[in-house]
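Colleague: Chains as they are written, first to last, in the numbering used here: chain A, 1 to 99; chain B, 100 to 185.
There could be a bad hint or two in this list.
No more than 30 Å apart at the CA atoms, straight line, and that leaves these computed lysine-lysine pairs for BS3-like [as the list claims (entries may be wrong)]:
{"hint": "1", "chain 1": "A", "residue 1": "34", "chain 2": "B", "residue 2": "121"}
{"hint": "2", "chain 1": "B", "residue 1": "143", "chain 2": "B", "residue 2": "130"}
{"hint": "3", "chain 1": "A", "residue 1": "44", "chain 2": "B", "residue 2": "121"}
{"hint": "4", "chain 1": "A", "residue 1": "44", "chain 2": "B", "residue 2": "130"}
{"hint": "5", "chain 1": "A", "residue 1": "64", "chain 2": "B", "residue 2": "121"}
{"hint": "6", "chain 1": "A", "residue 1": "34", "chain 2": "A", "residue 2": "44"}
{"hint": "7", "chain 1": "A", "residue 1": "2", "chain 2": "B", "residue 2": "130"}
{"hint": "8", "chain 1": "A", "residue 1": "34", "chain 2": "B", "residue 2": "130"}
Have a look at the derived ranges for each label pair, beta carbon to beta carbon [unchecked claim]:
{"hint": "9", "chain 1": "A", "residue 1": "74", "chain 2": "B", "residue 2": "130", "range": "25 to 33 Å"}
{"hint": "10", "chain 1": "B", "residue 1": "183", "chain 2": "A", "residue 2": "74", "range": "22 to 30 Å"}
{"hint": "11", "chain 1": "B", "residue 1": "144", "chain 2": "A", "residue 2": "86", "range": "43 to 51 Å"}
{"hint": "12", "chain 1": "A", "residue 1": "23", "chain 2": "B", "residue 2": "130", "range": "39 to 47 Å"}
{"hint": "13", "chain 1": "A", "residue 1": "32", "chain 2": "B", "residue 2": "181", "range": "35 to 43 Å"}
{"hint": "14", "chain 1": "A", "residue 1": "80", "chain 2": "B", "residue 2": "109", "range": "39 to 47 Å"}
{"hint": "15", "chain 1": "A", "residue 1": "32", "chain 2": "B", "residue 2": "115", "range": "14 to 22 Å"}
{"hint": "16", "chain 1": "B", "residue 1": "163", "chain 2": "A", "residue 2": "74", "range": "39 to 47 Å"}
{"hint": "17", "chain 1": "B", "residue 1": "176", "chain 2": "A", "residue 2": "31", "range": "38 to 46 Å"}
{"hint": "18", "chain 1": "A", "residue 1": "2", "chain 2": "B", "residue 2": "120", "range": "33 to 41 Å"}
{"hint": "19", "chain 1": "A", "residue 1": "46", "chain 2": "B", "residue 2": "122", "range": "35 to 43 Å"}
{"hint": "20", "chain 1": "B", "residue 1": "182", "chain 2": "A", "residue 2": "31", "range": "16 to 24 Å"}
{"hint": "21", "chain 1": "B", "residue 1": "110", "chain 2": "A", "residue 2": "17", "range": "22 to 30 Å"}
Because the hints were derived from the structure by calculation, they are not lab data. This structure is a prediction, so every number in the text was calculated from the model and none was measured. For glycine and all other residues, C-beta sits at the position ideal for the given N, C-alpha and C.
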Amino acid sequence: MKIFRVESTLVATARIGGLQHHRLLVVQERGGGKQVAVDPVGCKPGDWVIACGSSAARDAAGSKEYPSDLTIVGIIDYWDEDHPGQERAASSANGETRR
Amino acid sequence: MNIQRVVSDLVATHRVGPLQEKSLRVVEDYKGGLEVALDPVGAKPGDFVITIATTAARHAAGDPAITTDLTIGGIIDHWSEQRWRD
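Isolated chain A (complex conformation):
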C-alpha cells in the first residue's frame, strides 16, 4: 500500500458500466504524480490516505470483477509530512481528535 493525499473529486459522466457510480478522487502520491483512485471510504480533499493496487484494488472496491487498479482502503488519522512515519505529536495527543 502507498500513501496518497486527496486532491479533489473527479467527475466523469461518460464511463464504462463496470465502474458504476463509485466516487473517484484525484490523489497525489508522496513525491509523485497524480493518479485516480476509487473511494469506497468517503474522503475529503486534504486527507492523507492509504491505497492499494493490483488485484487487491478490485477486491477492496467491492468485488473481484470491479475494474479498479487503485482503491483507497483507509484514511490516516494523523500524518505529519515533515516527520513521516513518526508518532503523533504532543499537540494532538492531549485529547484533540482530527476526525
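Here the structure of chain A is known, so what remains is to put chain B in place on it, guided by the hints.
Modeller: Coordinates of chain B only, in the frame set by chain A:
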C-alpha cells in the same frame, strides 16, 4: 488509474484473436509518453480520460478474456492542461 489525453485513433487490422475488434486509441501522459489503450467508451482526440491498468484493464474491457493492460474507463467532464501538468 491515471489521467491521460487521447491523441488519435489507432488502426491495427492484423491482431491476435482475444483482442477482438475493440477500438484502440493512442493516449499520452502528462510527460508526453505515448501508450495504446483499449477504448470501450468512445473517446475523441483531445479528451482527457481515466485509464485503468493491470488486470483491472481486462475487467474494464467488459470481458476478462480480452488481452489488454490499459483500458479507458471514462471521459473526464472538466479537466485542464494546467491541472494535468502541475
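Colleague: Take the hints in turn and mark each one as holding or not.
Modeller: Cross-check of the supplied hints:
1. A/34 to B/121: 28 Å, holds
2. B/143 to B/130: Status holds; Cα separation ~20 Å.
3. A/44 to B/121: Cα-Cα ~37 Å, so violated.
4. A/44 to B/130: 28 Å, holds
5. A/64 to B/121: 23 Å, holds
6. A/34 to A/44: Roughly 16 Å separates the two Cα atoms, so the pair holds.
7. A/2 to B/130: 22 Å, holds
8. A/34 to B/130: 12 Å, holds
9. A/74 to B/130: 25 to 33 Å: 30 Å, holds
10. B/183 to A/74: 22 to 30 Å: 27 Å, holds
11. B/144 to A/86: 43 to 51 Å: 47 Å, holds
12. A/23 to B/130: 39 to 47 Å: 27 Å, violated
13. A/32 to B/181: 35 to 43 Å: 19 Å, violated
14. A/80 to B/109: 39 to 47 Å: 46 Å, holds
15. A/32 to B/115: 14 to 22 Å: 33 Å, violated
16. B/163 to A/74: 39 to 47 Å: 28 Å Cβ-Cβ, so the 39 to 47 Å window is violated.
17. B/176 to A/31: 38 to 46 Å: Roughly 29 Å apart at Cβ, these two residues miss the hinted range, so it is violated.
18. A/2 to B/120: 33 to 41 Å: Since the Cβ atoms of residue 2 of chain A and residue 120 of chain B sit about 37 Å apart, the hinted range of 33 to 41 Å holds.
19. A/46 to B/122: 35 to 43 Å: Given a distance of about 38 Å, which is inside 35 to 43 Å, the answer is holds.
20. B/182 to A/31: 16 to 24 Å: 19 Å, holds
21. B/110 to A/17: 22 to 30 Å: 26 Å, holds
When each numbered hint is compared with the structure, violations occur for hints 3, 12, 13, 15, 16 and 17.
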